[in-house]
Each structure stands twice: as structure tokens, then as C-alpha cells.
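Residues per chain, in single letters:
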Amino acid sequence: MAARFQTYWQKFRRNFDRWSVVALLLTLFIIVPTVFLLLQLIDGPGESWGHFVENLLPKYLQNSLYLAVVCSVLTLLLGVSSAWFSTRYDFPLRRSLEWLLILPLAIPSYITAYAYAGVFDYGGPVESLLQGLSPEAAKVDIMNIHGLAMVLSVSLYPYVYVACRAFFLHQSQSLIEASQVLGQNQVRSFFRLILPLARPAIVGGVILVLMEVLNDYGAAKYFGVNTFTTGIFKSWFGYEEFNTATYLAALLLVIIFSLILIEQRQRRRKRFVVDGKGGKRLARIRLRGTRGFLVTAVVGLPVVLGFLIPVAQLLYWAVQVYSQVAWGEYFSVAGQSLAIAGMAAALCVILATALLLAGHWNRLRWIGWLTKLGVLGYAIPGAVIAIGVYIPGLVIDKWLIRTAEATFSTKIGLVLTGTVIALIYAYIVRFLAVAFNPISAGKQKVQNSLLEASQSLGKGPWATFFRIELPLLQPALLGAFILVFIDVMKELPLTLILKPYNVQTLAIEAYQYASDERIMEAAFPSLTIVAVGVLPVIFLNRLIRQD
Amino acid sequence: MLLTINGLDKSFDRGKVRALCGVSLQLAAGKTYSILGESGSGKTTLARLIAGLERPDRGQIHYQGNLISSESQHVPAEKRAIGYMFQHYALFPHLTIAQNIAYGLKKSPRGRTVVEEMLALVNLPDYGGRYPHELSGGQQQRVALARALAMKPRLLLLDEPFSNLDTSLRVDLRTEIFAILQTTGVCAVFITHNAEDAMAISDEVIVLKAGTLLQQASPQALYARPARPYVARIFDALLELSAPLLAEFGYSAQAGRQYFLRSHHLSFASENDYRTAVTVHKSAFMGKYYEIEVAVAGQVFRVQSPAPAPEGTGELGWKESDLLVFGE
Chain A
200 MAARFQTYWQ
210 KFRRNFDRWS
220 VVALLLTLFI
230 IVPTVFLLLQ
240 LIDGPGESWG
250 HFVENLLPKY
260 LQNSLYLAVV
270 CSVLTLLLGV
280 SSAWFSTRYD
290 FPLRRSLEWL
300 LILPLAIPSY
310 ITAYAYAGVF
320 DYGGPVESLL
330 QGLSPEAAKV
340 DIMNIHGLAM
350 VLSVSLYPYV
360 YVACRAFFLH
370 QSQSLIEASQ
380 VLGQNQVRSF
390 FRLILPLARP
400 AIVGGVILVL
410 MEVLNDYGAA
420 KYFGVNTFTT
430 GIFKSWFGYE
440 EFNTATYLAA
450 LLLVIIFSLI
460 LIEQRQRRRK
470 RFVVDGKGGK
480 RLARIRLRGT
490 RGFLVTAVVG
500 LPVVLGFLIP
510 VAQLLYWAVQ
520 VYSQVAWGEY
530 FSVAGQSLAI
540 AGMAAALCVI
550 LATALLLAGH
560 WNRLRWIGWL
570 TKLGVLGYAI
580 PGAVIAIGVY
590 IPGLVIDKWL
600 IRTAEATFST
610 KIGLVLTGTV
620 IALIYAYIVR
630 FLAVAFNPIS
640 AGKQKVQNSL
650 LEASQSLGKG
660 PWATFFRIEL
670 PLLQPALLGA
680 FILVFIDVMK
690 ELPLTLILKP
700 YNVQTLAIEA
710 YQYASDERIM
720 EAAFPSLTIV
730 AVGVLPVIFL
740 NRLIRQD
Chain B
2 MLLTINGLDK
12 SFDRGKVRAL
22 CGVSLQLAAG
32 KTYSILGESG
42 SGKTTLARLI
52 AGLERPDRGQ
62 IHYQGNLISS
72 ESQHVPAEKR
82 AIGYMFQHYA
92 LFPHLTIAQN
102 IAYGLKKSPR
112 GRTVVEEMLA
122 LVNLPDYGGR
132 YPHELSGGQQ
142 QRVALARALA
152 MKPRLLLLDE
162 PFSNLDTSLR
172 VDLRTEIFAI
182 LQTTGVCAVF
192 ITHNAEDAMA
202 ISDEVIVLKA
212 GTLLQQASPQ
222 ALYARPARPY
232 VARIFDALLE
242 LSAPLLAEFG
252 YSAQAGRQYF
262 LRSHHLSFAS
272 ENDYRTAVTV
282 HKSAFMGKYY
292 EIEVAVAGQV
302 FRVQSPAPAP
312 EGTGELGWKE
322 SDLLVFGE
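Respectively, the protein sequence lines represent chains A and B. Counting in the numbering used here, the first sequence runs from 200 upward without gaps. Counting in the numbering used here, the second sequence runs from 2 upward without gaps.
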């Protein structure tokens with residue numbers, strides 16, 4: 200035993216180097232809010248928790264569960280069908296639809312919700328149409344939980360579409376042919392062979408949808424639906440029950456971590472699935488005439504619902520309010536948004552690269568595992584992270600104020616929570632994974648032997664990074680920057696909690712206009728976010744094409 | 002000794018896969034070696050440990066008298082000045098050939114001269130401005146060699162340098178690379194699974210099997226005095242002779258030993274030391290030899306003979322000096 204410990208200790212001393220330290224520190228830096236919240240679970244809730252559990256929590260849970268179930272089913276239907284048709288068949292407009300199907304990702308779901316509220320509102324196109332048909336026709340009310348589920352689904356199905364599409368594309372021809380030779384037609388092959396094989400990919404996509412559903416605040420708030428996440432906000436801003444909000448956030452964190460565990464297990468299974476190697480890729484079946492147009496309609500529907508209708512509504516509003524827009528303010532807010540997003544994105548890219556690099560050179564297995572925790576943030580709802588950042592941040596701020604007064608006799612403000620520092624830190628915690636994943640994928644394409652060759656030619660980790668990895672990683676770094684940039688631009692719940700008073704972003708402005716029933720004026724900030732968001736979709740599309 | 006290895010152990014996957022067990026060896030300056038083994042024998046792991054790309058679980062590596070690897074110490078690969086040529090060349094795709102070769106050198110006029118020298122050495126004088134993907138496989142190979150040699154290492158490890166090439170090309174390239182290495186005087190270690198390559202280019206061959214070093218010897222010694230049947234099988238098909246069978250030939254076997262003959266050492270010649278009457282079933286012409294199926298005391302086996310044997314009975318035998326005896 201002692202001898203084993205000694206060899207372990209010797210190896211530890213040999214392998215623990217500066218890279219281990221960097222990896223460890225970076226990971227700790229990122230997981231502070233999560234750890235803080237998990238500690239709250241041990242600490243227990245505040246005194247009003249009992250009242251909360253009795254009166255509010257069951258409804259929150261019920262609503263969140265309903266949304267989760269309905270959104271899963273709807274995104275499955277939309278995502279799997281469009282992915283299957285667009286990878287297996289050839290039909291009119293197929294090439295354009297393939298990437299248009301991803302576009303709803305460019306619109307944050309709260310903006311889709313605002314647009315749909317307008318579409319079905321009095322004087323909106325749907326109501327006018329129904330009035331035209333018969334004057335007694337009632338208005339279709341979508342400002343309820345069913346409407347919310349619908350809106351979230353048309354806005355989030357691309358997660359399922361993207362996951363399935365990648366999977367279907369890599370199916371080998373030989374599997375399908377084997378199924379056909381064994382007497383199964385297209386439809387039966389799909390249900391008996393492809394669907395079971397694709398399950399891990401599908402589940403992975405649906406779990407991303409669920410995480411977004413749990414993250415959503417803006418849409419649920421606007422539709423007046425109480426969910427777990429709106430509950431956190433209500434306790435925080437409405438009742439100022441900080442303990443309750445924190446405890447709720449911690450509970451949500453546990454739910455999210457369970458989802459992550461399921462996703463990880465599915466991903467491990469994926470490895471056993473046969474991929475396209477060895478066989479030819481699936482050749483598309485050409486559909487002509489009526490059948491072709493029918494399929495075009497089916498595949499086009501999600502694009503119409505998730506992108507065209509919301510954007511059309513926003514454009515209509517934009518035209519109406521064009522003359523009243525205060526351009527000076529608009530550009531000031533847009534500038535602040537771009538600056539904050541740019542800063543957060545740059546920091547995310549730098550930190551993600553550092554984490555990846557330290558993880559690579561570090562020799563200790565357990566530190567390698569630990570760094571994986573650093574990229575869990577993307578799964579955690581923005582509101583949860585915000586609370587995990589705000590409360591410890593406030594403690595540090597108070598300490599700083601006391602220390603400044605005691606040692607330098609100067610009065611300082613809230614250094615972290617009163618400025619964009621806390622906000623940007625929270626963005627990093629949440630979006631580090633968004634930068635990490637493409638960079639990590641890019642790094643996997645850089646063969647290890649290149650790094651080892653550099654090493655054997657006398658170059659250490661730094662020289663190797665700057666002369667070999669950095670030049671080869673450039674496209675991945677740029678992609679990572681763009682993705683984080685867009686995500687920060689869209690972000691609402693986290694920004695709402697952590698934004699200092701003197702800072703305004705486009706997302707917050709859209710939210711505030713919508714809350715103040717000045718929905719038309721939300722059109723310009725919303726459209727700006729959408730316009731910026733379309734960029735990475737095109738970028739993603741290029742990535743998929745390369746695949 | 003240029004490099005001394007003592008009791009090297011290495012496992013992967015938390016000890017589940019044992020790649021090397023207690024490997025010890027010595028390499029002398031200026032000589033050429035081959036590490037010969039099947040895939041999974043640990044030959045690449047051994048090379049990577051020497052280069053400093055992996056760290057051992059136990060054991061030490063000394064290079065030029067200095068400890069460079071042990072349980073508690075590790076000199077990183079970039080500080081070892083040991084050359085390594087990777088199996089798939091690992092040329093940097095974003096650098097030109099000249100930049101690839103100059104990669105490890107300090108930026109100086111001297112460095113530029115070295116690049117010129119190296120390009121001339123590997124017979125690619127006008128290729129400095131091209132990119133790796135513009136070159137053929139054999140050319141990329143020579144660039145990889147030039148890049149490793151530009152550092153003027155005293156020890157150069159070459160991981161499966163010929164495995165990507167077809168037979169006719171590999172013999173040419175083998176000869177060419179060997180000639181280049183001879184002019185530099187570097188101690189070269191070829192990692193290979195091909196016995197012919199190993200024999201053709203090395204002063205000594207190091208045979209690895211399942212992570213264990215079976216024998217380190219010159220090709221001649223390896224052939225004449227194989228340490229294990231496995232080593233002898235590298236060269237020829239072996240026949241194992243059981244004690245009763247040996248008795249048929251009039252040879253008395255000792256307990257606890259194994260006896261083998263190379264199948265071409267059995268013959269119908271009259272000067273054999275041990276002989277017995279056999280039934281010849283058939284002779285098949287195989288080009289370089291005849292494969293003759295014979296039966297001795299009910300046991301059937303195949304013999305390689307330069308001449309066909311008439312069907313019926315004959316007297317098969319072997320010389321005492323050809324008998325391979327293993328075990329105590």
C-alpha cells in the first residue's frame with residue numbers, strides 16, 4: 200500500500216507541471232458559480248420556502264414538464280422528418296431548404312414569441328383572415344401554455360434537425376441496401392432500421408431542445424406562463440426572496456445535470472453505431488411531380504413557421520415604426536451590444552483555447568476530467584448562472600468596499616456587480632463551451648503527430664502552439680468567436696439579472712419594449728439580432744457542407 | 002553507450018494494456034538498429050518512450066550518460082535532441098518544404114545553408130519552395146528525413162518508414178535512405194514489422210514480442226542462434242520434433258527441451274548425421290524449392306528440398322549442427 204502510494208506520488212510529482220496548474224485554475228475560475236449554487240442545496244432554502252412549495256412550485260413544475268414533453272414531441276416531428284427527407288430524397292428547392300431549415304436558430308425564441316403574438320393579435324393577419332371568413336369567428340388565442348409550446352417548438356426544432364442530419368448523412372448505403380434486399384421497403388427501413396440507429400443522435404438533439412426550453416424566460420414571461428425559470432425571476436425581482444430564487448436555481452441545476460448525464464450516456468452509445476466508412480454514402484432518391492412538391496411542402500413548413508412568418512411580422516412592424524425610431528439611441532444600444540458581445544466572445548475564445556491547450560499538455564488524468572466540468576455552463580440556464588455569479592460577486596464587492604475604506608480610506612462602488620465585469624464573467628461561464636467545442640473539433644483535425652514532430656524538433660509547447668496549432672486552428676477560432684458573439688447578442692435572462700443600470704443591450708431593449716406593450720418598437724432591435732444571427736447559420740451551413 | 006535502457010515498463014488504460022514489460026537494451030553510437038515486431042508488440046511505444054513522447058511506468062533511460070526518463074524524472078521531448086521520423090511523415094501542411102526543414106533550426110544564415118545541404122542530401126534540391134501536399138509519398142518521406150537530420154541528432158528513430166510504400170519502391174527507398182544515413186553517421190533505429198527490411202539495413206536487430214524483448218543481435222547471430230522459436234520463425238518455417246520422433250532418427254532428446262528444424266534442413270542427402278526411413282507422399286513444385294510431404298512413424302510433415310523426391314520410400318535426415326534446441 201505504502202509502496203503503491205509512493206509510486207503514485209512519484210508519478211504525480213513528475214507529471215504535475217505548470218500545465219496542470221493552468222488547467223486547474225481555469226477550471227476553478229469557471230465552476231465557481233456552479234459550486235456556489237450546489238452548496239446552497241446543502242445550506243437549505245430560506246423560511247418562505249414552505250409557502251412557496253405549497254402554493255407555487257407544483258404549478259411551475261407542471262408547466263415546465265408540459266412544455267418539455269410537448270416541445271420534445273413537436274421538435275422530434277419537425278426535426279426528424281425534415282432531416283430524413285432532405286438527406287434521403289431529392290425534391291424541388293431541396294438544396295436551399297437544407298440550410299434554410301437551420302435559420303430559426305438565428306431568432307431567439309422570445310423574439311419568435313413576440314412576432315407570433317402579433318400574428319394572432321387583434322388586427323393581425325390571422326384575426327383579419329378569420330374575420331373575413333365569418334364575422335362571428337373567435338380570435339385564436341395563443342397567449343397560453345399551448346401557444347408557448349408551439350412557438351418554442353418551431354423555434355427550437357433545428358437542434359434535432361442538425362443532429363439527425365449529421366447522422367443520416369453518414370449512414371452507409373450498404374445498410375439500407377441490406378434492408379431492402381431483406382424485403383423492407385423505404386418506409387419500413389426507416390422505422391425498423393434508421394430510426395433505432397439514429398436514436399442517440401435524436402436524443403442528443405432533443406436534450407438540447409429541453410435545455411433551451413428550461414433556459415427560456417422571455418417567451419414564457421410574454422405569454423404569461425409560469426415556469427421554473429420565470430419562477431426564479433419572480434422570486435428574485437418580484438418578491439425579492441433571494442433565498443428562494445437561489446434554491447430554485449440550484450434545483451434546476453440538478454435537473455439539468457441529470458439531463459447531461461443522460462446525454463453523455465447516449466453519446467457513448469453512439470460509438471457502437473456503424474458509420475459510413477466502408478460503404479458508399481446514401482444516394483438521394485429523386486422525387487418528381489406531385490410527390491416532390493408534397494415533400495417540399497412538408498420540409499418547407501418548419502422554415503415558414505420558424506423563420507419566414509416571424510421575420511415577416513417583424514419587418515411589417517419595422518416599416519410601421521420606421522419614422523419614429525430614435526436612431527441615436529438605437530445606434531448607441533447596438534454599439535454597446537456589439538462591444539459587450541465582442542469582448543465576451545474574444546475572452547471565451549482565448550480561455551477556451553487556453554483550457555484546451557492546458558488540458559492537452561497536462562499529464563494528470565484527473566485534471567483532464569476536471570476540465571470537462573469547465574464546459575458544462577452551456578447547459579445551465581442563464582438565470583441560474585446569473586444568480587450563481589451575482590451573490591458571490593456581491594460578497595466580494597462588499598469586501599472590496601470595506602478593504603478600500605479601511606486601507607486607503609477611499610469609497611469605491613460595486614466593482615464587479617456594478618459594472619460589466621460580472622456580466623462578462625457570467626457570459627464566459629455560460630458560453631465557454633460554445634467556443635470550446637468548435638476549437639476542440641478543429642484541434643482534433645490537427646494530427647497529434649504534427650505536435651510531436653514539432654516537439655522532437657526541439658520546440659516546446661508555446662513555440663508549437665504559435666507556429667503549428669495557431670495557424671492551423673485559425674478557421675476554428677474565427678468560427679468559435681462568431682458563435683459566441685451571436686449567443687451573447689441573443690442572451691436575455693442572464694443579462695436581465697446582471698446588467699448594470701447604465702448599460703443597455705438590444706436583447707434587453709426588445710424585451711422592455713415588449714413588456715411595455717410597445718411591441719412594434721421591439722422590431723428594430725429584434726431584427727438587428729436576427730440579422731447578426733443569420734451570419735453564423737450560414738457559417739454552420741458551410742461547416743456541415745464540409746462534413 | 003549512446004543509449005541505455007533498464008527495465009522499462011509501460012502500460013496504457015490504467016494498466017489494462019501492457020505495452021512493454023521489463024525491456025532493457027543498449028545502443029552504440031553510429032550503428033544502425035531495427036526494432037522488429039508485429040503490430041501490438043510495443044515497438045512504437047518503445048520508440049516513443051525513447052523520444053520522450055511517452056513516460057514510463059518503471060525503468061530508466063539514459064542518453065549520452067544522462068538520465069532522461071524514469072518514474073520520477075522526465076526530460077521533455079523538445080530537450081532531448083533525439084530525431085524522430087513519423088510513420089505518416091507529419092510534415093507541417095502550412096509550411097513550405099524549406100520551412101519544414103528549417104523548423105527546428107535557429108534563424109540564421111547558417112540555418113539556410115543547412116536547409117540547402119539537407120535538400121541536396123535527400124536529392125530534392127529545387128523543392129524548397131513547394132508545399133508538402135504537392136509532393137509524392139516518397140518525396141514527402143525524404144523531406145521528413147531531411148527535417149529530422151537537419152537537427153544533427155546523434156540518435157534518429159524512424160517509425161515504419163517504408164510501410165506506406167509498395168514493394169518495388171520500398172527497396173529503392175530503403176537503399177537510398179540507408180545510404181543517406183551512412184553519410185551522416187547518425188545512430189539510426191528503424192521500427193518495422195518487416196523482417197526483410199530489418200535484415201537489409203541493420204547492424205543489430207531487436208526483436209519484440211508482446212512487450213517483451215526476445216533478442217538483440219546481429220542478423221547473422223539472430224539466424225544462427227535464435228533465443229526463442231519465435232525468433233527463428235521470423236526467417237523460416239519451423240518443424241517441431243517431438244522426443245519419439247527424434248528417437249526415430251536415432252537422436253535421444255533430453256527432458257524439458259524443445260527441438261526444431263528449419264524445414265529446408267531436412268534432406269534426402271547421404272551425409273546427414275541422423276537418418277530414418279520415410280514414406281514420400283508427394284512432391285509439389287513451389288518455384289524455388291519442392292515441397293515434399295513425408296510420413297515418419299505415422300506423423301505427416303512437409304519438407305523443403307531443392308530436388309523432387311521419388312514417391313515411395315526414402316531416407317530422410319538432418320545434420321546435428323542444424324538442430325535448434327531451446328530451453329534448459
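Since the hints were derived computationally from the structure, they do not count as laboratory data. Keep in mind that the hints are not guaranteed to be accurate.
Only pairs whose alpha carbons sit at most 20 Å apart, straight line, appear in this in silico SDA-like list of lysine to any residue [claimed, not checked]:
1) A:642 to B:93
2) B:107 to A:231
3) B:80 to A:657
4) A:644 to B:132
5) A:658 to B:152
6) A:698 to A:651
7) B:108 to A:657
8) B:283 to B:265
9) B:320 to B:278
10) A:658 to A:564
11) B:80 to A:726
12) A:644 to B:152
13) A:658 to A:672
14) A:210 to B:60
15) A:642 to B:89
16) B:17 to A:564
17) B:80 to A:218
18) B:107 to A:661
19) B:320 to B:248
20) B:80 to A:560
21) A:658 to B:79
22) A:210 to B:16
23) A:644 to B:133
24) A:644 to B:8
25) B:153 to B:248
26) A:658 to B:95
27) B:80 to A:644
28) A:210 to B:8
29) A:658 to B:93
30) A:571 to A:224
20 Å Cα cutoff - pair residue 571 of chain A, residue 224 of chain A: Holds, at about 13 Å.
Distance restraint between residue 107 of chain B and residue 231 of chain A, which requires alpha-carbon spacing of 20 Å or less: Distance of about 44 Å is beyond 20 Å: violated.
Proposed proximity, residue 16 of chain B with residue 210 of chain A (alpha carbon, max 20 Å): holds (14 Å)
Agreement of residue 658 of chain A and residue 672 of chain A with the hint, judged by alpha carbon distance not exceeding 20 Å: Distance of about 18 Å is within 20 Å: holds.
20 Å Cα cutoff - pair residue 320 of chain B, residue 248 of chain B: holds (15 Å)
Pairwise hint evaluation, residue 564 of chain A against residue 658 of chain A, where the allowed Cα distance is 20 Å at most: Distance of about 24 Å is beyond 20 Å: violated.
Agreement of residue 320 of chain B and residue 278 of chain B with the hint, judged by alpha carbon distance not exceeding 20 Å: Roughly 16 Å separates the two Cα atoms, so the pair holds.
Residue 698 of chain A paired with residue 651 of chain A [C-alpha distance capped at 20 Å]: Not satisfied, since the Cα-Cα distance of roughly 45 Å exceeds 20 Å.
Given pair status - residue 265 of chain B, residue 283 of chain B, alpha carbons within 20 Å: holds (16 Å)
Restraint check for residue 107 of chain B with residue 661 of chain A, where alpha carbons must lie at most 20 Å apart: holds (16 Å)
Proposed proximity, residue 79 of chain B with residue 658 of chain A (alpha carbon, max 20 Å): holds (5 Å)
Pair hint outcome, residue 642 of chain A versus residue 93 of chain B [Cα-Cα no greater than 20 Å]: holds (14 Å)
Going through the hint list in order, the structure does not satisfy hints 2, 6, 10, 11, 12, 24, 25, 27.
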